[in-house]
Each structure stands twice: as C-alpha cells, then as structure tokens.
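A.B. asks: Sequence:
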Amino acid sequence: MAKAYWIARIDVHNMDGYKEYVAQNGAVFHQYGARFLVRGGQYQTKEGTSRSRNVVIEFKDYETALACYNSPEYQRLVAMRAPHSEGDLVIIEGYDGPQP
Numbered sequence: 001m002a003k004a005y006w007i008a009r010i011d012v013h014n015m016d017g018y019k020e021y022v023a024q025n026g027a028v029f030h031q032y033g034a035r036f037l038v039r040g041g042q043y044q045t046k047e048g049t050s051r052s053r054n055v056v057i058e059f060k061d062y063e064t065a066l067a068c069y070n071s072p073e074y075q076r077l078v079a080m081r082a083p084h085s086e087g088d089l090v091i092i093e094g095y096d097g098p099q100p
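Residue numbers for the sequence shown follow UniProt numbering, so the first one is 1 and each next one is one higher.
Quick caveat, the hints were computed from the structure, so don't treat them as lab data.
Among the hints, erroneous ones may be present.
As the list claims (entries may be wrong) - Restraint-style ranges between C-beta atoms, simulated for each label pair:
| hint | residue 1 | residue 2 | range |
| --- | --- | --- | --- |
| 1 | Q24 | E47 | 32 to 40 Å |
| 2 | Q99 | E63 | 22 to 30 Å |
| 3 | R76 | Q99 | 34 to 42 Å |
| 4 | V78 | Y43 | 20 to 28 Å |
| 5 | M15 | D88 | 12 to 20 Å |
| 6 | G97 | G40 | 27 to 35 Å |
| 7 | A79 | R39 | 18 to 26 Å |
| 8 | G26 | P100 | 16 to 24 Å |
| 9 | A23 | S50 | 33 to 41 Å |
| 10 | H13 | Y43 | 16 to 24 Å |
| 11 | P98 | Q24 | 22 to 30 Å |
Note that the structure is predicted; figures quoted are calculated from it, not measured.
Glycine is no exception: its CB is placed at the ideal position from the N, C-alpha and C atoms.
Construct the complete structure from the given sequences, taking the supplied hints into account.
C.D. replies: Here it is, written out as structure tokens:
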C-alpha cells in the first residue's frame, strides 16, 4: 500500500501567533502516525512560484492522511493557524510502482 503525504507551502505573517500552532500540532500528528520529511529548511525556487515555508509530512496511507486533516483535533489547529498564515496544502497518495 502506498504511503501518502501532505505537501504544504506557507507564508507566515505573524510568527508569534503561528508558534502556538507549531507547538500543538505534534500531538495530533503523532496520533495519526505522521512523520515530518521536510519542515522548513533551505530551498531554491527553480520554476513557478513559492512561499516562505515548505513542509512535507508522511502518513502510512491516503486514508490516514485525510482522516488526520479532517479530524476535529486538526481542524481546531487550522482555525488557530489561519489568522497568522496563508498557504497551500495538497494531500497526495504516494507512488508504489516500479522505478526507472
């Protein structure tokens, strides 16, 4: 079964307010077995547009990734984060087929 990922690109407008979201999201992600693969870090935009913060979170499967996002616990965090940032979030199923 293929893993799944949240791919988020965020612009934070109020870091002090955003810090509370960061402080509380770990417990929810732990509950769903999530693992950070990218959490900030250096980057270069080679094509298209970008935002100031990039995050990739791995889940065991697509259903778990959706369940985490739709959970009341995470939706509370979305409401907490929203006034302090703007971003894009894609939940995507990974590829588990043959490689070149």
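A.B. asks: If a hint holds in the structure, say so; if it doesn't, say that too.
C.D. replies: A quick look at each hint next to the structure:
no., hint, in the structure
1, Q24 <-> E47: 32 to 40 Å, "holds (34 Å)"
2, Q99 <-> E63: 22 to 30 Å, "holds (24 Å)"
3, R76 <-> Q99: 34 to 42 Å, "holds (39 Å)"
4, V78 <-> Y43: 20 to 28 Å, "holds (24 Å)"
5, M15 <-> D88: 12 to 20 Å, "holds (19 Å)"
6, G97 <-> G40: 27 to 35 Å, "holds (30 Å)"
7, A79 <-> R39: 18 to 26 Å, "holds (21 Å)"
8, G26 <-> P100: 16 to 24 Å, "violated (36 Å)"
9, A23 <-> S50: 33 to 41 Å, "violated (25 Å)"
10, H13 <-> Y43: 16 to 24 Å, "holds (19 Å)"
11, P98 <-> Q24: 22 to 30 Å, "violated (40 Å)"
When the structure is compared with the earlier hints, violations turn up for hints 8, 9 and 11 and for no others.
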